[in-house]
Structure formats: structure tokens, C-alpha cells
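So the protein sequences, as listed, match chains E and V.
Quick note: the first sequence uses my numbering, first residue 3, plus one each step.
Quick note: the second sequence uses my numbering, first residue -18, plus one each step.
Heads up, some of the hints might be wrong.
Unchecked claim - Under the rule of at most 25 Å between Cα atoms (straight-line distance), these lysine-lysine pairs were calculated in the DSS-like manner:
1. Lys7/E to Lys41/V
2. Lys41/V to Lys70/E
3. Lys114/V to Lys44/V
4. Lys69/V to Lys120/V
5. Lys114/V to Lys53/V
6. Lys48/E to Lys114/V
7. Lys114/V to Lys52/V
8. Lys7/E to Lys42/E
9. Lys30/E to Lys5/E
10. Lys120/V to Lys48/E
11. Lys30/E to Lys7/E
12. Lys5/E to Lys42/E
Hint data in this document are derived by calculation from the structure and do not stem from the laboratory.
Since the model is a prediction, treat every value here as computed from it, not as a measurement.
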Amino acid sequence: MAKIKIVYFAGARDVVERQTEFIETDAKMTVATVLQRLVKLHPGLKPMTRSLRLSVNHEVAEPGHRVKGGDEIGVLPPVAGG
Amino acid sequence: MARIRTALTRGRINPSRAFREVQDPGAGGIVVFTGTIRNRSEFGKVDGLEYQAYREMAQKKMKAIAEEVAKKWPVKAVSIYHREGRLKIGEVSVVVAVSSAHRAQAFEACRYAIDRIKTGVPIWKRERVRRTKLWVEGKPIRA
Chain E
3 MAKIKIVYFA GARDVVERQT EFIETDAKMT VATVLQRLVK LHPGLKPMTR
53 SLRLSVNHEV AEPGHRVKGG DEIGVLPPVA GG
Chain V
-18 MARIRTALTR GRINPSRAFR EVQDPGAGGI VVFTGTIRNR SEFGKVDGLE
32 YQAYREMAQK KMKAIAEEVA KKWPVKAVSI YHREGRLKIG EVSVVVAVSS
82 AHRAQAFEAC RYAIDRIKTG VPIWKRERVR RTKLWVEGKP IRA
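This is chain V alone, in the form it adopts within the complex (with noise of 0.2 Å):
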């Protein structure tokens, strides 16, 4: 069975403690994707944002990712954490970690994981644009 971390978190993420969480002996390839917030929108320059999460959803969907991507790769461990609260630009607003015996499955596993999240996870994005909060409008939520 592949080990498995979630978390929503209000603290700051560290890649490195996902790297390592997810590092095993049978893995001959470890991807860490880790997003980061940008200086520019489609709204301007982003002066910076607030992530809003419906908490108990969010917890349950980041997990149920997790386990979906364990059983679709033969991957030996996935770690995701995910930013709420203000940000600001520059840090880590999401990382997925995934090792795998090869490194195609876990590009793949850790590719798939971070669209779910985008589509899947109850998670909005409200970005400081000219001194004015503007949410992001992204796209409906999949089941």
C-alpha cells in the first residue's frame, strides 16, 4: 500500500518535507511539482491573494486524489498539501510528491494529481489586483 499525506494547511508548505516524506527505497524516481504564486494575472499585476477553502470538503477531496492516484500508479508514496489563508507572491501555494519505482509513472501520477486538484477540490482563489479583490474564476467543480 502507498503511504499518503494530505493536508490544508494555513502555515507555510515546505517542499523539501514532502520530497523527503515521500523518498523510499523502492522508488527510482521521486516528482515534486510545487506551485507558486505569480506576479501577474489575466486581472494585472497581483499585488497578492487569499485562498478560501470549504475546509472539511477540501480535506476529503485532497485525500480521495491521493488514494486515486495510488491506485491508478503502482506509486510508492504521495504527499499533497495545499495553502489557504493570504499568501503572498512568490510562496508555495501547493505541492504534490510522488516516488515511484519509474519515473513515467510518477511524472504521470503527480501530473494527474495537480489537475484534479484544480478541477476537483473546493478551493478559491481571490487575488489584490490595484487595490481591489477580484476572485479568480476558474472552472466548475467535478465530482
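Looking at chain E on its own, in the form it has when it is part of the complex (with noise of 0.2 Å):
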């Protein structure tokens, strides 16, 4: 099985209590699939599940994106630089 890499940002963060972790992945997820695996293994992120954006490879990913082994995943709430 192939896995991707989730890398956890800001509050997203702070709710999972970790950067990064390993999930496994199979032919058919998508960003959307993906996000729904991230909330169930961590149920602290539902609430701020609507603001999430994620984003595949440094990309910000549309729901629909496939996902494939040895993707970055990047779980971004909503940003505020400058």
C-alpha cells in the first residue's frame, strides 16, 4: 500500500497535536476522501472542517483531486500573512 504525507498547519495543528503523519492510501481518494479520513482519525478538526483547504504537492487541491502515492498533503486553515 502506498501512503502520502500530511503535514498539519496553525490551529489544524494544534487540534491533531502533531506536524506530520503517514496515512495509507488506495487508488480511488481524492482530496475530499482524504479530508473525510483526517476528521474521523481526528475528531477535533470537525469543527473547523468547512475552512479547511488542502493542498497536494505545494498546489492547493479542488475536492475532486486524485491523490497518489508519495503525495505532500498540506492541511491549511485559513491563512492571514502580510
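Starting from two chains that each stand alone, build the complex the way the hints lay out.
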């Protein structure tokens, strides 16, 4: 089974209490299903799900985007740079 | 081709250096925007703050914004710097410097770049207010 790397930031990192983790992926996994998996693993993410965006290999990705082994997924709460 | 410089940095940002970098014999105007840490926010009196960045992606996005600006406006040079880590009140958090043949383009391009930085670069801000640390609620990142 292939794995994907998850990287958490800001409030999401505080909730899951880790910076990174690896999860198993299957052929049909999309950005939307990855997020569902993460919420199942870390129910604390649930209240912020609607405001979270996921990046795949450093690009913001649509929910339907296919995820494959070796991808790096960023879990990105609303940003506040500047 | 416009000259482009971007960096995410832990060290202090020097706006004068950004200004010098974008100086150009063909420029009739240079606009330098400097963002600084304010002592108040919606949470109250701010004692300091911390920027957390998704380093690789933030650097990539800052460069992409500078390139986009250079494509949209006939600019001579663009420099963008953003801090990460802990900052004190009054410190410079971001600098956007743009030079162009005419001032209108330099103003527009600079304004566009700072607005894009706020919505398109994965950087988060945590303020220290009354001894608690609070993530500033920003906007969902846009591609």
C-alpha cells in the first residue's frame, strides 16, 4: 500500500498535536476523501472542516483531485499572512 | 524581463534594501509597501506575535505572485519579503517593492501583490494577547 504524507498547520496542528503523519492511500482516494479520513482520525478537526483547504504537492487542490502514493498533503486553515 | 526577488525569512527585513534592489534607470516610480506589527487587534492589546509558514509552498507562492505581477504590469523589478517566526510590535512583517516606468502601474502592481500575499500564501499568524496565544482567523487560501 502506498502512503501519503500529511502536514498540519496552525489551528489544525494544535488540534491533532503533531506536525506530520503518514496515512495509507488507495487508488480511489481524492482530496475530499482524504479530508474525511483525517476528520475520522482526529475528530477535533470537525468544527473547522469547512474552512480547511488541502494542498497537494504545494498547490491548493480541488475536492475532486486524485491523490496518489508519495503525495504531500497540506492541511491549511484560513491564512493570515501580510 | 523584470527582475524578481522573493524570500521568506527569519531575519529582519530591511525595506531600504528592497527599495535599492528595485531601483532601475528605466523606472519613473518605485512603490514600497511595508507591513508592520500593530499593537492592537480584534482580540485586544497585542504583546507580540508569531508567523508560521508552510515553507516550501509559501516560497513557491511568493515567487509565483511576483511573476504574475511582472506579467500583468510592465514593471522593472519586484521584490517581496515576508517574515516567519516571532515578531515584536512595530517590526516589519512584509515588504513589497515595485519599480515601473510610471507610478500608476507601480501602485497598482504593489497593491495587487500585497492583496494576493494575504490570500494566496500559506502563512498563519498567532497573536499573544493577555498571555494567551490566538490564531488570527484569516481567509481560506486561494489558488
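Need the list of violated hint numbers for this structure, in ascending order. 3, 5, 7
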